[in-house]
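Colleague: With chain A fixed as given, assemble chains E and S onto it according to the hints.
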Amino acid sequence: MLQALLLLLLAALLAPALTRLLPRHAGACLALLPLGIFLWLLSHMGSIADGQVLEQRVSWIAALQIAVHLRLDGLSLLFGLLISGIGSLIVLYAAGYLEQHRQLGRFYAYLLLFMLAMLGLVLADDLILLFVFWELTSVASFLLIGFQHDKPEARRAALQALLITGGGGLALLAGLLLLGGVAQTWQISSLDAAQVQGHALFPAIMLLVLLGCFSKSAQLPFHLWLPNAMNAPTPVSAFLHSATMVKAGVFLLARLNPSLGGSLGWSSLLIAFGAATALLGALLAIRQTDLKRLLAYTTVAVLGQLTMLIGSNTPYGLQAFVLYLVAHSLYKAALFMAVGAIDHATGTREYPRLGGLWRFMPLTGCAVALAAFSNAGLPPFFGFIAKEFKYSGLLELGLVGGLITTVMILTNALLFAAAGLVFVKSFLGPPGAYPRQPHEVSLPLWLGPLLLALGGFLLGAWNSWPETWLVNTAVQNIASGPVDVSLYLWGGFTPALLASLLTISLGLAFYLRRDLLLKLLGRLQWFWQFSGDLLWDRLLKRVFAVAALTASAFQHGSLRQHLALLALCISLLLGIGITWLGWPLAPFDLHQASLPALLAASLSLLGALGAAWLPGRLSLVAALGLSGLGLTLLFFLMQAPDVAMTMLMVESLGVVLLALIYRRMPRVAPQGRGLAWPRALLAGLFGLSIGLALLVSSAAPLPGDLAQWYLANSYGQGHGANVVNVILVDFRAFDTLGEIVVVALAMLAAASLLGRTPAKLGTGDPVFASSLLLEGLKPLVWLLLGASLLLLWRGHNLPGGGFIGGLTAAAGCVLLVLMHGPASAERLLRLRPRTLMGIGLAVALLAASLGLLGGGAFFQAHWLWLGELPLGTPLLFDLGVYLCVFGASLHLFQRLTAEEHAA
Amino acid sequence: MKALLLISPVLLPLLTLVACILLRRQGAWVIRASLLGSVLLLGCAGVLLWQAAQGQVLSAQMGGWQAPYGISLVIDRLAAALIAISALIGLATLLYGLTHHGHGRLERHFHLFVHGLMAGICGAFITADLFNLYVWFEVLLIASFALISLGGGPRRLAGSLTYVALNLLATLVFLLAAGLLYGSAGTLNMGELAVQFRSGQASAGAELAVLLMLLAFAIKAALFPVFGWLPATYHVAWTPISALFAGLLTKVGVYALIRLVTLLWPEPGALHQVLLWLACASMLVGVLGAAAQTEVRRILSFHVVSQVGYMVLGLALASPLALAGAVFYLIHHIVVKANLFFIGGLAALLCGSERLAAMGGLYARAPWLALLFAIPALSLAGIPPLSGFWAKFLLVKASLDLAAWTAAAVALLTGVFTLLSMSKIWNEAFLKPHPEGEAALGNSAGLRLALACIAVLAGLTLLIGLAAGPVLDYAQASASQLLSGEAHLALLAPPAGD
Amino acid sequence: MIWLTALTVAGLAALGLWMLLDRNLKRVVLGIAVLGNAINLAVFAAGRLGAEQAAFTPAGQVPLAAANPLPQALVLTAIVIGFALFAFALALLKRSRDLHGDRETDHVSAVTEEPAPDLRQGPDREGQA
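Chains as they are written, first to last, in the working numbering: chain A, 1 to 903; chain E, 904 to 1401; chain S, 1402 to 1530.
Derived from the structure by calculation, the hints contain no laboratory data.
Bear in mind the structure is a predicted one, so any value in this text is a computation, not a measurement.
Glycine included, C-beta positions come from ideal geometry on N, C-alpha and C.
You may find that some hints are simply not true.
To be verified - Estimated spans, in silico, between C-beta atoms of each pair:
1) E:VAL942 - A:GLY855: 51 to 57 Å
2) E:TRP953 - A:TRP40: 40 to 46 Å
3) E:GLY1172 - A:LEU853: 44 to 50 Å
4) E:VAL942 - A:LEU853: 23 to 29 Å
5) A:LEU681 - E:LEU1395: 41 to 47 Å
6) E:GLY1172 - A:SER189: 57 to 63 Å
As the list claims (entries may be wrong) - In silico DMTMM-like links for lysine to aspartate or glutamate, alpha-carbon gap of 25 Å or less:
7) E:LYS1327 - A:ASP705
8) A:LYS519 - A:GLU396
9) E:LYS1327 - A:ASP537
To be verified - If the Cβ cut is set under 10 Å, some of the chain A residues that face chain S in the computed set are:
10) LEU42
11) THR185
12) LEU443
13) LEU447
14) LEU451
15) ASN463
16) HIS562
17) HIS591
18) LEU653
19) MET665
20) SER689
21) LEU706
22) TYR710
23) VAL724
24) GLY738
25) ALA744
Only chain A is shown next, with the shape it has when bound in the complex (with noise of 0.2 Å):
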């Protein structure tokens, strides 16, 4: 079995490949592959009509318990033949129908995937595996339906009915899982019917799995799709949408039925739906005048009437199951084969325009007869015995059983009345105004109808073969217990033959007036506005709707109400916290607050305020020049030497970027007057919520001995005196590692994008011209490029260190900068400030990966004892440092003065 479906796989593998190397025999040579899957089955029937079954299992995925376990049984051998035999026959049909086409390997391709995936379907003895072959069977008819991809319609129908399928087959996955859950296993045959309708959840289970099989049964609210599947070729009508897709629905409740049916629940679900669904798929039916929606609706008909009978659960019922489903296979892919035969050979599907085909089509026409008679459910075709059963299964059921009758007399006789549509109307009588000259069509296009509608025509008149090899187990594996299964076409005049007569001649009737029953039928206006596409396209128009809404609500393109919102978010996660914590602030100090520091803090946020109210320029970088040098105050007030010196280089260094970008530009408007109190509001409850979780968290004393320790082994250990820089470059100097990378590479992409190719770096002249200044400021230099150095070579011990160092170099080499031009700080270094940034990061890196060297650790360091003098690695990495940042600033500032330059 396994081997047969990865003979199908790789067969549409190969399909595309195969069809432009043997254009003309390609469909013959694939046509093998099924018929002898077939073949193999049919040898199989003796074993299987005896009972047994044949298993196979391959492990898949252990951990879930899930295998690829298939099973040959019965109803999947009914079904294997089903596919296979139709199968053959629609691979033949298609190399007919679409001979001159393009894409024809491709349409192969996608026909064999899918009979790989419903073979694996009605094989599947595992609820996953089956649910991976279901969502197969829905992306081949996705593919399928859109195959003349150039038609906007069948472009909607595929979408549609990939909606449909898909988002059913999602619920299904949902109540597989759930079944799997309560079951213990996801093994089908040893699903215990007990113990799975004795489980609290079993409403839901039964519920979603029946919203899966409907949606791909077509029940009633899912329908739809079906009809419009119609724009797919008719090889594909044929096959999947009426003999086996569609039937996969119907196939999983059967399969299903010994463990989730017998409740009065599922029972009357499946005939309340199945019987609505059936009547309604006739009524439309009769309304069509395309003779494949035509089809199609009584395709719809058909399937509404086998959930039906599985809901009915009677012997009769199952028994009335399986021979409808047969003699449905066989007749209507043989109406649909013919049907596109005509379409092909006139040029029409219009009923109307038909008529009197039988003189140019005479194949063509047997087949049709003989399918016709068989869907009009007339003896001794097979569909007639189908009927009978029906009529009997369901009149078992009683009180309800006589209604449900009812309606389907109804629905069957509107049924007989569309056979007669397809043939009578279309056939005999005289000759149609048809767009082209007809005439009789080639073998594989009426190979197929014929020798399908013939097998309708045997199995009903020796149905004792059947009934032997085929019905008796497929009923045994439907039913949860034994079933008595005798075929006969005469059972004597039993209500069934009654229902039966009455069938038939209320077709009759119905045909022959046909034209007052759409007359009828069209009053019903109101009634025809719902059962449309109108709903789905209102439906999808909601949806569109709400979503357009939903990404409206985010995508207004607005920066500042992003930054709103999520300025907003940490607010109210701020104050939500706090609150549910029990504000546990820090006890208040502000009494105890040095006047130094109360100074330093009023004047940085001076500055600050001044910088968010001011609108000149100069003023605006004066005022946040002002905020920093407050900060810096108080990081020295709060002995913070390091930091504080770090502060004042960078906000130096900040400030002359400022001016030297904000130059060039407008000044700022003042503020306008606007609503401002909403934002005024956020800036508060901001503010406020981040001064509060400082409160937070400096409630307790803290934790930890990290402090300690630091200070404690800074020394001995780092031997270094100033602690922070001992932390910087070795006991976290991987931070340190990140943070030189981050100058690095944001310093370049600062450069990149103010976008100056180095070789236009010119000499250009300086910004600030002046000759006094020129000179005047030279000294200057060499004293911050000195200075630098000395920052770097006592950081360890003193206040300094890479980063400080770095800066004071920077800011030195910018005065040079601006006084002589871009090109004179690389003059006077000789490297490029790039250049000097990437030996900064290798230096860093090499003195990283030293630890490495004997075994230790990344940034492991190694010390030199020069006399008293320490030299190690953290040293040599401190350099890295101060040259990368040293570097990257350079590297920024001598583009932005070429810039300035070029402008």
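Modeller: Here is chains E and S on its own, set in the frame of chain A:
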């Protein structure tokens, strides 16, 4: 050797970065060095993955300083898997970029910053110190700033501005949270923090700080309601870059969320409940937003939001199976999403636009691209037997097992809408004839390498789907590793060498 | 001291956010700097205040009431990173002014929501701009 291997995910990109900086003049050499670095990284990542699959946890103390005083690095299963996938996507992006484009300068910068980004991403995956995590987040952030603005253009620059402003705010929140966390918990080491939280001795301030940090991660991960920056910006970047971002960046945020939440709260609680609702909202809002879009990358961007919802759902459910689902989803999603952006870019290149209305005709003209699109697209929609199906399967099953009906329903409903979006792209860009006729379609002759990248990633998607067993085993093992926290708790024990 | 610091942090953060929400991009960029300063101060203060000595241990002597060195190292890192990001933001501002002139913040960011341009004239037109 072990120490070198452990640090290689950060060291290799950094060395490549240095090489790119120093080789600035020699364009061809930059590319060679960059590709060599990527291949080496992928190799190391492969070894790491193999070791992690054996159950080995690599960890080290930077500088040899014991935890919590020094910075710890840990590579457990989750980290190893993510490093491997990231290395793969990084290499694929670089190769894809090679064919996608012909400018010299842009390309060299592209290589340089991609390596910066990789260093940041890998650093974030391996560190076990929260401030260090902040630093690596900054590295990847600044690299992403550079990348998103690469190439200029008014539209791209506007997008960069939005991206930079919003991410800067997020990163400041992270910094604040890290600082406050130290102030109230007295440590930055994840292991020590885990001890405090798991024993219920965490102070109020520490909880507040962690919550704030989770918010910062949620912004990075683009979780509802703070995802606005993502769909507003991803579509403006150069295609290979948006692919890289969509594949990897938000996932770093998700990773951080998973790491911290599982480490600190292995048992479900109130936080998980909140996350659950946020995850559901993300899923729904993401797919609904996507349904309203009419451009390929915008559709895909909104889907990132919805899929982040799936991953967070796994985290929120907190059962081993759910967490395994989240890990599985993470692995699957990175590959698929990056690939879809690659394909979308190629499709746009051939059609001359990425607006669906102006696309079409690819099904007839570029059948291979159509096939390669179908694989990740169906996988994203969760169609079996592709990788996305198993990811969703695990999450839905976990929700049903825990009776989280709403979550399961939302997850399934989201699947339908994802299918809708994917088939919309399929119908519009592939099936529909090109509005300007077939002649308007470009030529795919020069794009072989890009197609090859796409094919490899699509193959991986297929492989993850068909051989889901081993991946699932790995995901389950990493889930139990996450919940037990063993890798990080072991940091505090004195090193065995002493 | 902590309340004073917290008040400063709150004030700076509020002003920083206020500036971030400004219509003028120039002030938005400054807002990043101010907000960054606020957060840096908060991180520093979270390591506790009230030290009387800086964190220096000459010859291994740990002074009494020495400042906590760790937050200093963290803040130092953060300040340098902040500077780098600020520099990048300024470059972005300059570029944005070149391309968008003096449009308001929201008008600039709204450009992203315009439909995608065609790629007709070559593989990536935006790349050449």
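Colleague: Determine for every hint whether it applies to the structure shown.
Modeller: Against the structure, the hints:
1. E:VAL942 - A:GLY855: 51 to 57 Å: violated (27 Å)
2. E:TRP953 - A:TRP40: 40 to 46 Å: holds (43 Å)
3. E:GLY1172 - A:LEU853: 44 to 50 Å: Taking Cβ atoms as reference, GLY1172 of chain E and LEU853 of chain A lie about 47 Å apart, which means the hint holds.
4. E:VAL942 - A:LEU853: 23 to 29 Å: holds (25 Å)
5. A:LEU681 - E:LEU1395: 41 to 47 Å: Holds: the Cβ-Cβ distance is about 45 Å, inside 41 to 47 Å.
6. E:GLY1172 - A:SER189: 57 to 63 Å: With Cβ atoms ~42 Å apart, the hint is violated.
7. E:LYS1327 - A:ASP705: Cα-Cα ~59 Å, so violated.
8. A:LYS519 - A:GLU396: Since the Cα atoms of LYS519 of chain A and GLU396 of chain A sit roughly 36 Å apart, the hinted pair is violated (cutoff 25 Å).
9. E:LYS1327 - A:ASP537: holds (15 Å)
10. LEU42: Constraint on LEU42 of chain A not satisfied, violated at 57 Å.
11. THR185: It is violated, given that the least Cβ distance between THR185 of chain A and chain S is near 51 Å, above 10 Å.
12. LEU443: This interface hint is violated because 50 Å lies over the 10 Å limit.
13. LEU447: violated (51 Å)
14. LEU451: violated (54 Å)
15. ASN463: Interface hint status for ASN463 of chain A: violated (65 Å vs cutoff 10 Å).
16. HIS562: At 8 Å from the nearest chain S Cβ, HIS562 of chain A passes the 10 Å test, so the hint holds.
17. HIS591: holds (9 Å)
18. LEU653: Check passed: Cβ of LEU653 of chain A comes within 7 Å of chain S, closer than 10 Å.
19. MET665: Holds. Min distance 6 Å.
20. SER689: holds (8 Å)
21. LEU706: Constraint on LEU706 of chain A satisfied, holds at 5 Å.
22. TYR710: Holds, about 5 Å.
23. VAL724: Hint holds; VAL724 of chain A Cβ to chain S Cβ min 5 Å, cut 10 Å.
24. GLY738: Status holds, d = 8 Å.
25. ALA744: holds (8 Å)
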